[in-house]
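Asks: Could you put the whole structure together from the sequences, leaning on the hints where they help?
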Amino acid sequence: METTTIAQKITLPVTGMSCAACAASVESVLKHTPGIADAGVNYATQSVSVTYDPGVVSPDDMDKALQGVGYGLIIEEDESDAVAEQERLQHEHYQKIKKSTIWAGILSLPVVVIGMFFMDRFTAGNYIMMALTAPILAFFGKSFFVNAWKQAKHGKANMDTLVALSTGIAFLFSVFNTFYPEFWHVRGLHPHVYFEAAAVIIFFILLGKLLEERAKSNTSDALKKLIGLQPNTVRVFRNGEEIEMAVRDVMVGDEIIIRSGEKIPVDGQVVSGQSYVDESLMTGEPLPAEKKAGEKVFAGTINQNGSFSFRAEKVGKNTVLAQIIKTVQQAQGSKAPVQKLVDKIAGIFVPVVIGIAVFTFLVWMIFGGENALTHALLASVSVLVIACPCALGLATPTAIMVGVGKGAEHHMLIRDAESLEKAHAVNAVILDKTGTLTEGRPQVTDWFWVQHMVDSSLHEIAVKAIENKSEHPLAQAVAGYGEKQRFPKVRKFESVTANGVRGVVDEKQYQIGTFQFLENEGVAIDAELGKIASGLRDEAKTVVGVSCEGKHIAVIGIADQLKKTSAQAVAELQKQGIAVYMLTGDNAQTAAAVAQETGIVNYEAEVKPDDKMQFVRKLQQQGKIVAMVGDGINDSQALAQADVSVAMGKGSDIAMDVAKMTLITSDLMLLPKALKLSSQTVRTIRQNLFWAFIYNIIGIPVAAGILYPFNGFLLDPMIAGAAMALSSVSVVTNSLRLKGARL
Numbered sequence: 007m008e009t010t011t012i013a014q015k016i017t018l019p020v021t022g023m024s025c026a027a028c029a030a031s032v033e034s035v036l037k038h039t040p041g042i043a044d045a046g047v048n049y050a051t052q053s054v055s056v057t058y059d060p061g062v063v064s065p066d067d068m069d070k071a072l073q074g075v076g077y078g079l080i081i082e083e084d085e086s087d088a089v090a091e092q093e094r095l096q097h098e099h100y101q102k103i104k105k106s107t108i109w110a111g112i113l114s115l116p117v118v119v120i121g122m123f124f125m126d127r128f129t130a131g132n133y134i135m136m137a138l139t140a141p142i143l144a145f146f147g148k149s150f151f152v153n154a155w156k157q158a159k160h161g162k163a164n165m166d167t168l169v170a171l172s173t174g175i176a177f178l179f180s181v182f183n184t185f186y187p188e189f190w191h192v193r194g195l196h197p198h199v200y201f202e203a204a205a206v207i208i209f210f211i212l213l214g215k216l217l218e219e220r221a222k223s224n225t226s227d228a229l230k231k232l233i234g235l236q237p238n239t240v241r242v243f244r245n246g247e248e249i250e251m252a253v254r255d256v257m258v259g260d261e262i263i264i265r266s267g268e269k270i271p272v273d274g275q276v277v278s279g280q281s282y283v284d285e286s287l288m289t290g291e292p293l294p295a296e297k298k299a300g301e302k303v304f305a306g307t308i309n310q311n312g313s314f315s316f317r318a319e320k321v322g323k324n325t326v327l328a329q330i331i332k333t334v335q336q337a338q339g340s341k342a343p344v345q346k347l348v349d350k351i352a353g354i355f356v357p358v359v360i361g362i363a364v365f366t367f368l369v370w371m372i373f374g375g376e377n378a379l380t381h382a383l384l385a386s387v388s389v390l391v392i393a394c395p396c397a398l399g400l401a402t403p404t405a406i407m408v409g410v411g412k413g414a415e416h417h418m419l420i421r422d423a424e425s426l427e428k429a430h431a432v433n434a435v436i437l438d439k440t441g442t443l444t445e446g447r448p449q450v451t452d453w454f455w456v457q458h459m460v461d462s463s464l465h466e467i468a469v470k471a472i473e474n475k476s477e478h479p480l481a482q483a484v485a486g487y488g489e490k491q492r493f494p495k496v497r498k499f500e501s502v503t504a505n506g507v508r509g510v511v512d513e514k515q516y517q518i519g520t521f522q523f524l525e526n527e528g529v530a531i532d533a534e535l536g537k538i539a540s541g542l543r544d545e546a547k548t549v550v551g552v553s554c555e556g557k558h559i560a561v562i563g564i565a566d567q568l569k570k571t572s573a574q575a576v577a578e579l580q581k582q583g584i585a586v587y588m589l590t591g592d593n594a595q596t597a598a599a600v601a602q603e604t605g606i607v608n609y610e611a612e613v614k615p616d617d618k619m620q621f622v623r624k625l626q627q628q629g630k631i632v633a634m635v636g637d638g639i640n641d642s643q644a645l646a647q648a649d650v651s652v653a654m655g656k657g658s659d660i661a662m663d664v665a666k667m668t669l670i671t672s673d674l675m676l677l678p679k680a681l682k683l684s685s686q687t688v689r690t691i692r693q694n695l696f697w698a699f700i701y702n703i704i705g706i707p708v709a710a711g712i713l714y715p716f717n718g719f720l721l722d723p724m725i726a727g728a729a730m731a732l733s734s735v736s737v738v739t740n741s742l743r744l745k746g747a748r749l
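Residue numbers (this note's numbering): 7 to 749.
Honestly, the hints are just simulated from the structure, not real lab data. Please note that the accuracy of each hint is not assured.
Claimed, not checked - Pairs of lysine-lysine residues, derived as BS3-like cross-links and limited to a Cα-Cα distance of at most 25 angstroms, are as follows:
id	residue 1	residue 2
1	LYS302	LYS269
2	LYS70	LYS159
3	LYS412	LYS614
4	LYS581	LYS569
5	LYS514	LYS475
6	LYS475	LYS298
7	LYS570	LYS624
8	LYS682	LYS569
9	LYS70	LYS37
10	LYS581	LYS570
11	LYS148	LYS102
12	LYS581	LYS498
13	LYS475	LYS498
14	LYS624	LYS614
15	LYS614	LYS320
16	LYS323	LYS514
17	LYS630	LYS614
18	LYS682	LYS581
19	LYS320	LYS15
20	LYS323	LYS269
21	LYS581	LYS624
Please read these numbers as outputs of a predicted model, since none were measured by experiment.
Replies: Next up, the structure:
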């Protein structure tokens, strides 16, 4: 009987990739490996997702196939080990590029000085420049030549190919002229050298790669912190005794013991005990949820004060936290759109330039007359030198650098190029409620006393003193209300879980809590205060009642208050023609109140983390470019899925790591400014690319000698090198104009 193997999907870190063309090579090799149905490389996260038949091919086989072309896979059973190993290799690679860039810069400087100012001052100048340039190409720029050779073996070419050809030929040509100047002297020509062009090209391109690696170095931080939410060890009841074991060894059905302040390791159901658990991971709401027998608990959430035991129901990769980690891993870090365009163009541009250089050489050899070889060499080298991709390579990163710097000046931290490139096209913004539109913490908004109340200030101090004894967030909101004071002594304090507290201050008995709690204590609800409480509930506020000596004396309204600039920011976004949506895990009444106050028409309440992500996908399927703004761990899936992800600076570390933009001051008015900055940056990038290509469109034919039949002009490679440098300066100067743009 024939058995059918079910295809599996696995995501593994890739080593050895240095450019987008490398990613294409990895994909190509894996797709042509027997047993692999599909492979997709995420260059930003240096990982590959492979759909394969485990009966035909294994991860080790994939690794061997890639090692044959200079790449590799990190294969670790534990995901945290794989992330750690990838981080170590990335750090080593970054340090290697940093060292190469510094040394290339140090050695390039005297080469440029000699080439520009002392070329004809002393005969040893050429030899000094050659001695300084050789190690730049042989050691610090070695990767360009190695990568170019790898691409050539597969019949491909990229930016490294052109860098290697232009610098290599310029260097070899200069070496020939240094040792055999008579070859040109007898033909009445001066033997120019271009060591400075070769050295500076390598330095500039290395600098660009260093900036790219710096931007990519933190891509795994979000995953590391999500993985870090799960403890390494856990206490489990097995065979009638309590034992400590690794979380990875926990099995479904194990009874796990959780004490005060500990993280919950897996998903399950409470068996015994009672406590409050911070579930902001799941809901985003600031109030801890009460947990007692029968209640569900989730991996990554944090126990507060009590202790309890629960039975494991989902472990390992099946927990909600593991699913969030998987989603973030798959959706986070995609290629920058403009850079992809540059890579595609370069894939055509490079072979075309090489072809033009060869064609130029042949044409001059055929029609060049008695000076055919001289003109052929000069013209073909000029083509390769003037076509150096410095301007093209600098077009995007310089604009991004200035844009990111300008964002930082305006309290916007921007993590990558993709955000700046996409944000200008956003036409739908999704806002989380808690911590984004609101302050993210409960505060006392109203405090009403019974009519004809005497000594209300003394009663207020007593109430705050009693509430200060409680750990509940609502109690802490009451205790922190108004000015800081020295609290009187509280006797006979008692907390009734999920209802209220009791205490004696100055020989007076107080009860503070829900109206149901007061009634159970035998307190009659004051009619006027009851009406006020009803109005507070209509405003989606939490109501707390206060009694003294059995009499109802006050009602307190508590809410998560709206930020001062939220309504203004929503109005500004809508003015720009952007559809605004609000998603919250809070109840429908609270969501409706916040939506009305901010002017948001489209909103949904009681939304779970996965629902937020699905809502983002739904808008994307409708053709919208979606920006997600949130501050909690519960927003991380939606943030990773969104086209543009924005975190509030006072939110969770996970939200800030997953998001590509962070508003440091948590002022939502920064969001419209961020979108405007994106438009300015993208416009600058397009201008840079235009000038880079126009320069090549004009410069390459002139370098090839197209003007020679008309006026006898043949571009000197030295002038070609100067023109190349000028093109780079023009691109950088245009990028610097962004600094003066108004937001």
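Asks: Each hint should be assessed against the structure and marked as holding or not.
Replies: Evaluation of the provided hints:
1. LYS302 x LYS269: Satisfied, since the Cα-Cα distance of roughly 14 angstroms is no more than 25 angstroms.
2. LYS70 x LYS159: 18 angstroms, holds
3. LYS412 x LYS614: Since the Cα atoms of LYS412 and LYS614 sit roughly 35 angstroms apart, the hinted pair is violated (cutoff 25 angstroms).
4. LYS581 x LYS569: Cα-Cα ~20 angstroms, so holds.
5. LYS514 x LYS475: 16 angstroms, holds
6. LYS475 x LYS298: It holds: about 22 angstroms lies between the C-alpha atoms, which stays within 25 angstroms.
7. LYS570 x LYS624: 31 angstroms, violated
8. LYS682 x LYS569: 22 angstroms, holds
9. LYS70 x LYS37: 14 angstroms, holds
10. LYS581 x LYS570: Distance ~18 angstroms between LYS581 and LYS570 Cα, so the pair holds.
11. LYS148 x LYS102: 12 angstroms, holds
12. LYS581 x LYS498: 57 angstroms, violated
13. LYS475 x LYS498: 11 angstroms, holds
14. LYS624 x LYS614: Roughly 15 angstroms between the alpha carbons, so the hint for LYS624 and LYS614 holds.
15. LYS614 x LYS320: Within the cut-off at roughly 18 angstroms; holds.
16. LYS323 x LYS514: Measuring from Cα to Cα gives roughly 55 angstroms; hence the hint is violated.
17. LYS630 x LYS614: 22 angstroms, holds
18. LYS682 x LYS581: Holds, because 13 angstroms separates the two Cα atoms, which is no more than 25 angstroms.
19. LYS320 x LYS15: Distance ~21 angstroms between LYS320 and LYS15 Cα, so the pair holds.
20. LYS323 x LYS269: Holds, at about 17 angstroms.
21. LYS581 x LYS624: 23 angstroms, holds
The structure is inconsistent with the numbered hints 3, 7, 12 and 16, although it conforms to all the rest.
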